[in-house]
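Enquirer: Letter by letter, the chains look like this.
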Amino acid sequence: MAFIEVDNLSITLGHGAAAQQVLDSVSFTMERGEVFGLVGESGSGKSTILRCIAGLYGNWTGRIAIDGKALGPRITLERSRLIQMVFQDPYGSLHPKHTINSQLMEPINIHRLGNGRERIAHALEQVGLPADFRFRYPHQLSGGQRQRVAIARALIVEPRVLLLDEPTSALDVSVQAEILNLLTELRTRADLTYILVSHDLAVIAHMCSRFSVMQHGRILETLSSDTLDAEEAEATDYTRLLIRASRAYDRALAEQAN
Amino acid sequence: MSSTPAPNSPPGAPLLSIRKLNVSFGRGPHPVRAVRDVSFAVGQEKVAIVGESGSGKSTVGRSILKLLPRTARIEAEEMRFRDIDILAADENTMLGVRGRRISMILQDPKYSLNPVMTVGEQIAEAYRVHHKASRQEARERALAMLDAVRIRNPEYVFEQYPHQISGGMGQRVMIAAMLIPDPQLLIADEPTSALDVTIRLKVLAILDDLVSARGLGLIFITHDLNLVRSFCDRVIIMYAGRVVEELRAADLDRAQHPYTRGLLASLPMLGQRRERLPVLQRDPAWLAADGG
Numbered sequence: 001m002a003f004i005e006v007d008n009l010s011i012t013l014g015h016g017a018a019a020q021q022v023l024d025s026v027s028f029t030m031e032r033g034e035v036f037g038l039v040g041e042s043g044s045g046k047s048t049i050l051r052c053i054a055g056l057y058g059n060w061t062g063r064i065a066i067d068g069k070a071l072g073p074r075i076t077l078e079r080s081r082l083i084q085m086v087f088q089d090p091y092g093s094l095h096p097k098h099t100i101n102s103q104l105m106e107p108i109n110i111h112r113l114g115n116g117r118e119r120i121a122h123a124l125e126q127v128g129l130p131a132d133f134r135f136r137y138p139h140q141l142s143g144g145q146r147q148r149v150a151i152a153r154a155l156i157v158e159p160r161v162l163l164l165d166e167p168t169s170a171l172d173v174s175v176q177a178e179i180l181n182l183l184t185e186l187r188t189r190a191d192l193t194y195i196l197v198s199h200d201l202a203v204i205a206h207m208c209s210r211f212s213v214m215q216h217g218r219i220l221e222t223l224s225s226d227t228l229d230a231e232e233a234e235a236t237d238y239t240r241l242l243i244r245a246s247r248a249y250d251r252a253l254a255e256q257a258n
Numbered sequence: 001m002s003s004t005p006a007p008n009s010p011p012g013a014p015l016l017s018i019r020k021l022n023v024s025f026g027r028g029p030h031p032v033r034a035v036r037d038v039s040f041a042v043g044q045e046k047v048a049i050v051g052e053s054g055s056g057k058s059t060v061g062r063s064i065l066k067l068l069p070r071t072a073r074i075e076a077e078e079m080r081f082r083d084i085d086i087l088a089a090d091e092n093t094m095l096g097v098r099g100r101r102i103s104m105i106l107q108d109p110k111y112s113l114n115p116v117m118t119v120g121e122q123i124a125e126a127y128r129v130h131h132k133a134s135r136q137e138a139r140e141r142a143l144a145m146l147d148a149v150r151i152r153n154p155e156y157v158f159e160q161y162p163h164q165i166s167g168g169m170g171q172r173v174m175i176a177a178m179l180i181p182d183p184q185l186l187i188a189d190e191p192t193s194a195l196d197v198t199i200r201l202k203v204l205a206i207l208d209d210l211v212s213a214r215g216l217g218l219i220f221i222t223h224d225l226n227l228v229r230s231f232c233d234r235v236i237i238m239y240a241g242r243v244v245e246e247l248r249a250a251d252l253d254r255a256q257h258p259y260t261r262g263l264l265a266s267l268p269m270l271g272q273r274r275e276r277l278p279v280l281q282r283d284p285a286w287l288a289a290d291g292g
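Protein chains in written order, with the working numbering: chain A, 1 to 258; chain B, 1 to 292.
Treat the hints loosely; a few may be bogus.
What the hints assert, rightly or not - One side only, chain B facing chain A, incomplete, derived with CB under 7 Å: (1) Glu52; (2) Thr198; (3) Lys202; (4) Phe231; (5) Pro268; (6) Leu277; (7) Leu280; (8) Leu287.
Honestly, the hints are just simulated from the structure, not real lab data. The C-beta atom is built at its ideal place from N, Cα and C for all residues, glycine as well.
Construct the entire structure; sequences and hints are all you get.
Expert: Structure (structure tokens):
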């Protein structure tokens, strides 16, 4: 049985004339310990899938199940123990006036976990930050260090699933490599399953065993990273364009982009 | 057109030549030295300046137009654009250079377009600031320019406000506004970083065509090494305010400097999966090394 099942997930956001179907019958399944990718351009609905799984929208339809258990529409304490999310912008996702310690303490208090000090020390160690960073404020950290804190905050409740929404697109390439390596390492060490959203096909193909290409709220197709070269020939026009545009700039290719 | 120039000499007479440019911010005993001894020349070609945040690449771009805050100190042995000594030029001369002879495209059209003016008027204004022309003539030129950046319905888009158009279209409007005064050198600072892959492709193709059709020089400031490889003619790599390496874009894979090699290695690449990405090991010696 698949570890995560998403079946016929649809959602409409906005009211009346402004209503827009953001996701249209999205389905995929993934195994425990897998890294599954969602790639597409802005507005294709990839982040919305993560937000539905996390329970940040209440009005989706369809079925989302983890480990055989169907999830309700909204976020609950139990669900946030199971699933945590890491956002794109480490500058925006940490409170600028709270120390790292108090931000990491928050999930511990919410979930009444106890052993705050030890948990925080362990989480910082897991993401490769020195223990005394807990006394710092976000502005005293670099972008990469902040993203490590955001990952530590997600890990502190010992979730099974991490939803990664463009976790490295605000970072320099050398820092991106460090964060991607950290995520790879943590997955085996902490027995995690990832869903990774990115607009960068190279990042997706590096991290994920399989990924779905999204356009206009639908999954166009699901490909395997290892056989990408072979599958390129059979892929849809849009996917082929995405693959080639990610490889290099090509003047002739621009004519195909409508 | 241009055959294969040696890395350090641009084709034809250089449009821009810079020798030992230094930019520092702040007074007192310890000013921040953002740019250190940077030298390069640009002809009718596409030159990339690549570096990570804080490498000084944008500061170099802005100092060419003297668009730095007052706390900045610009020093150089030479900074010349054609017949103009930029270093010695007063504000009045610079007003005739900015936009008219050297123009700049920034990353995000959302912030660089005036939100309360139609995009067409902004393009027409860019023309009227530098050329004596009637409103009607400027409008016609703006429409022609919108057409040149491949906007399908110029008459319609002319009347739109910036919030009514998409990011990709906004960037094409910016390019139109920057090219309408007919400059000779274009500085593009991360012009496509905020755009989706397919839109980016289209905007780059437009830049590419216009640069070759008009014989412009292009300074393309970016962090995207992979893009530079296929889009530009030459690449200048900056680290901590210095030029650490300069080479032809086609030779990027034969880069010598450990920083360049480290950056390239740390990029995830399609078609070659690796368990771990090599992480850049910064060597303090790079800070002391002589650039170029």
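Enquirer: Hint by hint, say whether it matches the structure.
Expert: Results for each hint:
| no. | hint | result |
| --- | --- | --- |
| 1 | Glu52 | holds, 4 Å |
| 2 | Thr198 | holds, 4 Å |
| 3 | Lys202 | holds, 5 Å |
| 4 | Phe231 | holds, 4 Å |
| 5 | Pro268 | holds, 4 Å |
| 6 | Leu277 | holds, 4 Å |
| 7 | Leu280 | holds, 4 Å |
| 8 | Leu287 | violated, 16 Å |
Of the numbered hints stated above, the single one contradicted by the structure is hint 8.
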